[in-house]
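Engineer: Protein sequences appear in the order of chains A and U.
Position in the first sequence (from 1) plus 589 gives the number in this note's numbering.
Position in the second sequence (from 1) plus 1129 gives the number in this note's numbering.
Just to be clear, a hint being listed does not mean it is correct.
[To be verified] Below, in silico cross-link-like pairs of lysine-lysine (PhoX-like), each with a Cα-Cα straight-line distance of 25 Å or less:
# : chain 1 : residue 1 : chain 2 : residue 2
1 : A       : K873      : U       : K1147
2 : U       : K1150     : U       : K1140
3 : A       : K604      : A       : K873
4 : A       : K873      : U       : K1150
5 : A       : K873      : U       : K1140
It is worth saying that the hints were derived from the structure and are not from the lab.
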Amino acid sequence: MNAELIMRLRGLIRKEALQILRDPSSIAIAFVMPVILLLIFGYGVSLDARRVPLALVCENPNRDTASFTAGFFQSPYFVPVRFGTVQEAEEAMRARMVDGIVWLRSDFSRRMLNGGNAAIGLLVNGVDANNARIIEGYLQQVWAVWLAKFDAAQGLPLRIPVQVDARVWFNPSVTSTDFLVPGLIAVIMTLTGALLTAMVVAREWERGTMEAVLVTPASIHEIILSKLIPYFVLGMGGMGLSVAMAVWLFGVPLRGSLWLLLASSSVFLLCALGMGLLISVVSKNQFVAGQIAIIVTFLPAFILSGFVFDIRSMPAAIELITHIVAARYFVTILQTLFLAGNVWRLIVPNILALVIMAGIFLGLARRASHKSLE
Amino acid sequence: MLHQIFALVVKELLAILKDVKSRMVLIGPPIIQLVVFGYAATYDLNHVPFAVYNEDRSQPSRDLVARFAEAPAFQEVAVIHSDVDVAPLIDKRKALMVLHIDRRFSRDLLGGVPGHVQLIMDGRNSNTALLVMGYANAIVTDFNTWWAARSGGDKPPATLDIRSRFNQNLQSQWFIVPGIVALLTQVVTLLVTALSVAREREAGTFDQLLVTPMRPIDILLGKSIPGLLIGSVEATFIIAAGVLWFGVPLRGGFVPLYLGLFLFLGSVIGIGLMISSLSVTQQQALLGTFLFMVPSIILSGFATPIANMPPLIQDITYLNPMRYFLVVVRGVFLEGASTRSLTPQYWPMLIIGLATLAIAGWLFRRRLY
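Construct the entire structure; sequences and hints are all you get.
Structural biologist: Structure below.
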């Protein structure tokens, strides 16, 4: 009985493998897509604002204003452009030529020398709120450096009673690539995993070849297994490529163990394949399968996984919803394994969640395919 | 001729809308996604969990800690008393930040030497870390001003007066919700058009369409108009929800907004039909859609600014219609931008639309031979 099962399974897997080799599109999904996507995104997605165009308006240029604006010319974060009046600068901001305006009024120097508290006007384009906040942070740094220099030059005691000494663990230079690339791998694997099975199996339903397989003595378990195994191998290949690129091309440190990464990726891939299988069995139509795949895989993995948007910032109800997004657990695992290391207390619960989700997807897919036989 | 195109439009709409499942796919998910993403896609931080490690325990250090604990951005989750407790809290994500005040803090402060506060942050999400650092710096700066005023020192020679234009409170939602208009409109329109030719080609009915008296331009129009209809209904719905439900201000007029929308839809439809006529099967069409859509969303400026990308990638984004439309929607919503000021965004979409539609029409005919 067992030998027969293995024989049938081997036959089915051989059939799937031949089908994959004959139609290059699944190989393209598994290998070409991750490489291209990771290349574009790894270089393209960044939250680090550098070389921000900034308008400088000095209504009455003199030594004092120059001492302040010098900081912007030295900072790697700004590309200052001088404007004569604040109206001109605002025009430039409306035309999206500058992201912010530094406005030193004509009485800057006079007020600075008489009792202090001269106001430095800062106007930041708030359309991109996140970027605006980051720019404001940079501006404050320039101001603090200037203040310290000013006091030192005047021979005054430091006017900053408390100094902040920030240490960012796991990512001391605070580069967004290191945190975005592991998340990208999760997004890309969600896509490939679900697309591989959703598209390929939906096509079999549409063409009727699935029913041809269903009437053979092979049981539903064997059919599902025979679909999963070849695509699992393909998907793990794509995963391996992505990790290699992350480490060698983008220089993201891999501080955790490779085995743990392999184990969690396998579980996640099973989850993604199971989701794809379920989509294809339920829709049985390529149009619907493709749409559902895009809607339930890519967009949630992009927005609800913690890949860019921190889950802790979301309202409680939305945070609850993120628990049904498999990518959420995988993003946490990947970010931790890459940047922090083997934090068992964090990784084990997340892997368990993935195991449960994989079980649910595969179980539902199995039940749904059984019903369709009747 | 007109009634023939009309008949084709009706047929296309029926093909998409008659099936319950595909109808549901067009209506249900966008609504759910709008609501979920509108709330989920945020960079604003509330209740950042932080732990206090205060070795000083004097009045000034308690004052400083109280300022953190009372700030809406922060939430105190733990008080620790030793160095070894720091790592587990951060590693397991129990706290995003540890506020460490060392033993010398109040002695330094009262002695006129700067006191040191150490912030230990979880850098796994570097953006969050940067924002938390910004919030923490603001609190410490407040404390500094207060302390300096209390101890009778001079006022600083100049202070910053920071304001932000167009989005005074810097709410992420005002940035993201207009972006969702572009995002979901593109997804739905692209799917509707990208599969329309491929489906007929797989079924063999496209050849029949080509032998009818209709010219390729008529077929092109018949295939484009349903996408335009569905896309504009979808976009209008999201725009309305953005204003009425999310309360994002719509400061500009409908003319610049809808001019941008129609040009955007035209270019998305052109790309969709081009993908569709290049592919022989629906699977290829879907794959092509994916290969276009995923990069076009990620490289559009929807979540991360285009200005941060390397020059080569920035050049690639000029081919992406969503890049221009995002500037239009955000410009009209938040800046009240006029048609004239948005002209640099309109014409690239027009060119992309005309070029891709022309290529699609040409491919229709060529593929038959």
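Engineer: Give a verdict on every hint.
Structural biologist: Status of each hint after checking the structure:
no. : hint               : in the structure
1   : A/K873 to U/K1147  : 16 Å, holds
2   : U/K1150 to U/K1140 : 18 Å, holds
3   : A/K604 to A/K873   : 20 Å, holds
4   : A/K873 to U/K1150  : 11 Å, holds
5   : A/K873 to U/K1140  : 23 Å, holds
In summary, the structure agrees with every hint in the numbered list given earlier.
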